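Enquirer: Put together the whole structure using the sequences plus the hints.
Protein chains: 2
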Amino acid sequence: MAEHLVIVGGVAAGMTSAVWARRESSSLRITVIERGSEVSYSECGFPYVLSQKVDSLERLIRYSPEKIKLERDIEVMTGTTAKAINFANQSLLISSATKESSIYFDYLILATGAKPQIPLFYTAAMKGIFTLRHFSDARAIEGYLRSSQPKKAVVVGGSFLGLEIAESLTLRGIKVTIIEKTGNLLKKLNKNLQATVEKELLSKGVTINLTEEVLAFDGKETVSRVLTSNREIDTDLVFLATGVEPEVGIAKAAGIRLGRSGAIAVKPTQQTSVANIYAAGDCCDVHHLVSDQPVYLPLGTTANKQGRVAGINVAGGRAELRGVAGTSLLKVFDLEVAVTGLSLQEAKEAGFAARSSYSSSISKAGYYPGAVEIETEIIYDTHTGRLLGAQMVGKEGVAKRVDIFATALYARLRLDDILQLDLGYAPPFAPVWDPVAYAARKAETEE
Amino acid sequence: MAEHLVIVGGVAAGMTSAVWARRESSSLRITVIERGSEVSYSECGFPYVLSQKVDSLERLIRYSPEKIKLERDIEVMTGTTAKAINFANQSLLISSATKESSIYFDYLILATGAKPQIPLFYTAAMKGIFTLRHFSDARAIEGYLRSSQPKKAVVVGGSFLGLEIAESLTLRGIKVTIIEKTGNLLKKLNKNLQATVEKELLSKGVTINLTEEVLAFDGKETVSRVLTSNREIDTDLVFLATGVEPEVGIAKAAGIRLGRSGAIAVKPTQQTSVANIYAAGDCCDVHHLVSDQPVYLPLGTTANKQGRVAGINVAGGRAELRGVAGTSLLKVFDLEVAVTGLSLQEAKEAGFAARSSYSSSISKAGYYPGAVEIETEIIYDTHTGRLLGAQMVGKEGVAKRVDIFATALYARLRLDDILQLDLGYAPPFAPVWDPVAYAARKAETEE
Numbered sequence: 146m147a148e149h150l151v152i153v154g155g156v157a158a159g160m161t162s163a164v165w166a167r168r169e170s171s172s173l174r175i176t177v178i179e180r181g182s183e184v185s186y187s188e189c190g191f192p193y194v195l196s197q198k199v200d201s202l203e204r205l206i207r208y209s210p211e212k213i214k215l216e217r218d219i220e221v222m223t224g225t226t227a228k229a230i231n232f233a234n235q236s237l238l239i240s241s242a243t244k245e246s247s248i249y250f251d252y253l254i255l256a257t258g259a260k261p262q263i264p265l266f267y268t269a270a271m272k273g274i275f276t277l278r279h280f281s282d283a284r285a286i287e288g289y290l291r292s293s294q295p296k297k298a299v300v301v302g303g304s305f306l307g308l309e310i311a312e313s314l315t316l317r318g319i320k321v322t323i324i325e326k327t328g329n330l331l332k333k334l335n336k337n338l339q340a341t342v343e344k345e346l347l348s349k350g351v352t353i354n355l356t357e358e359v360l361a362f363d364g365k366e367t368v369s370r371v372l373t374s375n376r377e378i379d380t381d382l383v384f385l386a387t388g389v390e391p392e393v394g395i396a397k398a399a400g401i402r403l404g405r406s407g408a409i410a411v412k413p414t415q416q417t418s419v420a421n422i423y424a425a426g427d428c429c430d431v432h433h434l435v436s437d438q439p440v441y442l443p444l445g446t447t448a449n450k451q452g453r454v455a456g457i458n459v460a461g462g463r464a465e466l467r468g469v470a471g472t473s474l475l476k477v478f479d480l481e482v483a484v485t486g487l488s489l490q491e492a493k494e495a496g497f498a499a500r501s502s503y504s505s506s507i508s509k510a511g512y513y514p515g516a517v518e519i520e521t522e523i524i525y526d527t528h529t530g531r532l533l534g535a536q537m538v539g540k541e542g543v544a545k546r547v548d549i550f551a552t553a554l555y556a557r558l559r560l561d562d563i564l565q566l567d568l569g570y571a572p573p574f575a576p577v578w579d580p581v582a583y584a585a586r587k588a589e590t591e592e
Numbered sequence: 146m147a148e149h150l151v152i153v154g155g156v157a158a159g160m161t162s163a164v165w166a167r168r169e170s171s172s173l174r175i176t177v178i179e180r181g182s183e184v185s186y187s188e189c190g191f192p193y194v195l196s197q198k199v200d201s202l203e204r205l206i207r208y209s210p211e212k213i214k215l216e217r218d219i220e221v222m223t224g225t226t227a228k229a230i231n232f233a234n235q236s237l238l239i240s241s242a243t244k245e246s247s248i249y250f251d252y253l254i255l256a257t258g259a260k261p262q263i264p265l266f267y268t269a270a271m272k273g274i275f276t277l278r279h280f281s282d283a284r285a286i287e288g289y290l291r292s293s294q295p296k297k298a299v300v301v302g303g304s305f306l307g308l309e310i311a312e313s314l315t316l317r318g319i320k321v322t323i324i325e326k327t328g329n330l331l332k333k334l335n336k337n338l339q340a341t342v343e344k345e346l347l348s349k350g351v352t353i354n355l356t357e358e359v360l361a362f363d364g365k366e367t368v369s370r371v372l373t374s375n376r377e378i379d380t381d382l383v384f385l386a387t388g389v390e391p392e393v394g395i396a397k398a399a400g401i402r403l404g405r406s407g408a409i410a411v412k413p414t415q416q417t418s419v420a421n422i423y424a425a426g427d428c429c430d431v432h433h434l435v436s437d438q439p440v441y442l443p444l445g446t447t448a449n450k451q452g453r454v455a456g457i458n459v460a461g462g463r464a465e466l467r468g469v470a471g472t473s474l475l476k477v478f479d480l481e482v483a484v485t486g487l488s489l490q491e492a493k494e495a496g497f498a499a500r501s502s503y504s505s506s507i508s509k510a511g512y513y514p515g516a517v518e519i520e521t522e523i524i525y526d527t528h529t530g531r532l533l534g535a536q537m538v539g540k541e542g543v544a545k546r547v548d549i550f551a552t553a554l555y556a557r558l559r560l561d562d563i564l565q566l567d568l569g570y571a572p573p574f575a576p577v578w579d580p581v582a583y584a585a586r587k588a589e590t591e592e
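Protein chains in written order, with the working numbering: chain A, 146 to 592; chain B, 146 to 592.
Calculated directly from the structure, the hints in this document are not laboratory data.
Mixed in with the good hints, there may be bad ones.
Stated by the list, open to error - Residues on chain A that point at chain B, a partial pick, calculated with CB under 10 Å: (1) L205; (2) K412; (3) Y441; (4) P443; (5) L444; (6) T447; (7) L474; (8) Y503; (9) K540; (10) V543; (11) V547; (12) D567; (13) V581.
Owing to the predicted nature of the structure, the values given are computational and were not obtained by experimental measurement.
Glycine included, every Cβ here is placed at the ideal spot set by N, Cα and C.
Expert: Now the structure itself:
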């Protein structure tokens, strides 16, 4: 009889692992267990549906359960929750609305994702307060926007997601206030670049307070006020973008080893501490290429890479994920924000003799119409000259330029290597000294 | 008395070397000899003045002789030609309109550039026939466009420059015909990508014949017909984009060693075969990072890099250019074209077990508005998996994406490394599998 691969979670990492396992083996029996009613959708696309750039949530779905059964012979059980792993008989206890049952597995891939961190004071559910992880969350927000036509919103948390939602709601005609207590907008970002992001948000009518703590939500059935350390804010909608934590319930209960971060610890093959159980995506750690440490860095790209590796390995192939640099991109209205590698603080914490260098350059030849400023911060080791991280902000030419740095991080290049890179030049696309090389040159000069 | 650095040529490599020599040494006496009347201008900007995207040729000039004297204490002699190098007394014979004289040098940097290759049959000068290297060439074309208002033009040569000028003239309302005899539009490009470039040109009204040889130009004072292997073409303007060759007259006469290409042979320090004579830019060879051979690859970026290295070294510092990948970018109307490293043919000629893989991907998440096709061709070694070259074509997201490949070439990455890269993702900027990683994945699958 065919071996049975059971995958818990049918979104990024889970569905990717299913598809790659099938590519590797046509005989494996594959079953995906998904708590929600949709699988195989792009979470990262939610903000663009909410902003109405993308016309429906359904556009974000790649495979329906029926389609993936038909095209890839992958069984999907939606509306089904994995409750417990039983090692003794290699079975998974699952429950749906109607019944509870056990399914046998030869291999298990845990792709249980992450869950939003909710402020401790927020216990009783109130209408108009949202988080955003699952398809059902997105559907709830979209439904509320249509039915309640909110005029004012408070976004709690100056995170990547917080800023994306601030943009989406603003584009829907809602007056948005961002509340953040740490003093930082996008906390990995250097202060100079944070200031540019803040300026962009302000210019689009977003109100920002970065040193204000949310203490309570007030309202009858629906939220109507946010109480903060400073004041009371009237609002029609609250969005919580205060970070996520790995969803490790069944893994922890089963005694699978967790990392220091609290996420599932994995080998480069995505194997967990249990031989036939793998993990992938936002529920597990990933090796950081720069710090050479396991870290918790929940990102869509990582989930896809880990899913691929897990899927190939359980199906009899061989693959490894050597690590990630944490490369992240963000569009904030007309601004592109990109980070890769370690921030200055992270680099110091990781034990590097780290220093950072700020430079300002331009996106095209200076005489070419439409050239705009690109601000770059690079973080490097003063002992070895090794690049440790890079951050860029600008109205064009940033998002994919940071990949040059990401590639340099993978190859462990030094500043002097970056200066040697043969980066492309033509007046419509770059100055002769590309902002990337310029940043390295500036940092070398400061040494 | 201060040592004297004399630089022959005041454009990209020459002026860059002067500026870097000055940064390195405040005491060095620096003199730049320039045949033309302008120095320190961007040749690569000429097409954009001709298309009227940039409003005047003067916008392309960074330093006037007066400004660079004032700000950097660099002496510039325009309208002055270097005639011969005299080793015995370390002097350079120079001539201007009014006199001939000798100047003593401690160090000499040759930055004499390149000259257009002219068809052998074209001997007598005729009005309306142009090449484009120097500021005076650009001024002559611009003058002719204004005074003669040409309606039809023939561009000879489907090169990077030929296509840029075809665009510029089309945007000036001129009906352009491109004639190329080799069957190739941008000969380094893979055929699939050439087809996309051809389609773009045709859609903008450019006529193209790729298997037609130009035999003669006809006309009275001004060109009026082009005679080809197929036919006679009425025209008001002819632009020759048939390649360039290094300008090595005085170097060759002085017995300085030339490479197999005919360009000046240089060490990684830009030193020539004569200890105190350096060369930089389009007059000299450059080491290719992939083939590990000296090659003739006249590009603005290389000229700048070589100029910097030569300037630092003659002024007492230490710098090397480890090599280039030949990264080149081109805008053809709405299309971005980018190449780096070796073409399949070049890779085979260099002795690699080379193979190429074509893939088609998209510039953003599929559901995000405005996602366009990106076509990628990667060239790799089948024995080692090492990346040897890459080419991309698409209406956005190509020009700087190719730099990821350029960085990979520098670091000698393999296909499996490229698949590991942590490239940035967000729906407005890339699909989850960036076209770069997708291309590597596809090539690996074909193996």
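Enquirer: It remains to establish, for every hint, whether it holds in the given structure.
Expert: Evaluation of the provided hints:
1. L205: Cβ of A/L205 sits 6 Å from chain B, so the hint holds.
2. K412: Constraint on A/K412 not satisfied, violated at 15 Å.
3. Y441: violated (15 Å)
4. P443: violated (13 Å)
5. L444: holds (8 Å)
6. T447: holds (8 Å)
7. L474: holds (4 Å)
8. Y503: violated (20 Å)
9. K540: Interface hint status for A/K540: violated (13 Å vs cutoff 10 Å).
10. V543: Because about 9 Å separates A/V543 from the closest Cβ in chain B, which is inside the 10 Å limit, the hint holds.
11. V547: At about 6 Å, which falls below the 10 Å cut-off, the nearest Cβ of chain B leaves the hint on A/V547 intact, so it holds.
12. D567: It holds, given that the least Cβ distance between A/D567 and chain B is near 4 Å, below 10 Å.
13. V581: At 7 Å from the nearest chain B Cβ, A/V581 passes the 10 Å test, so the hint holds.
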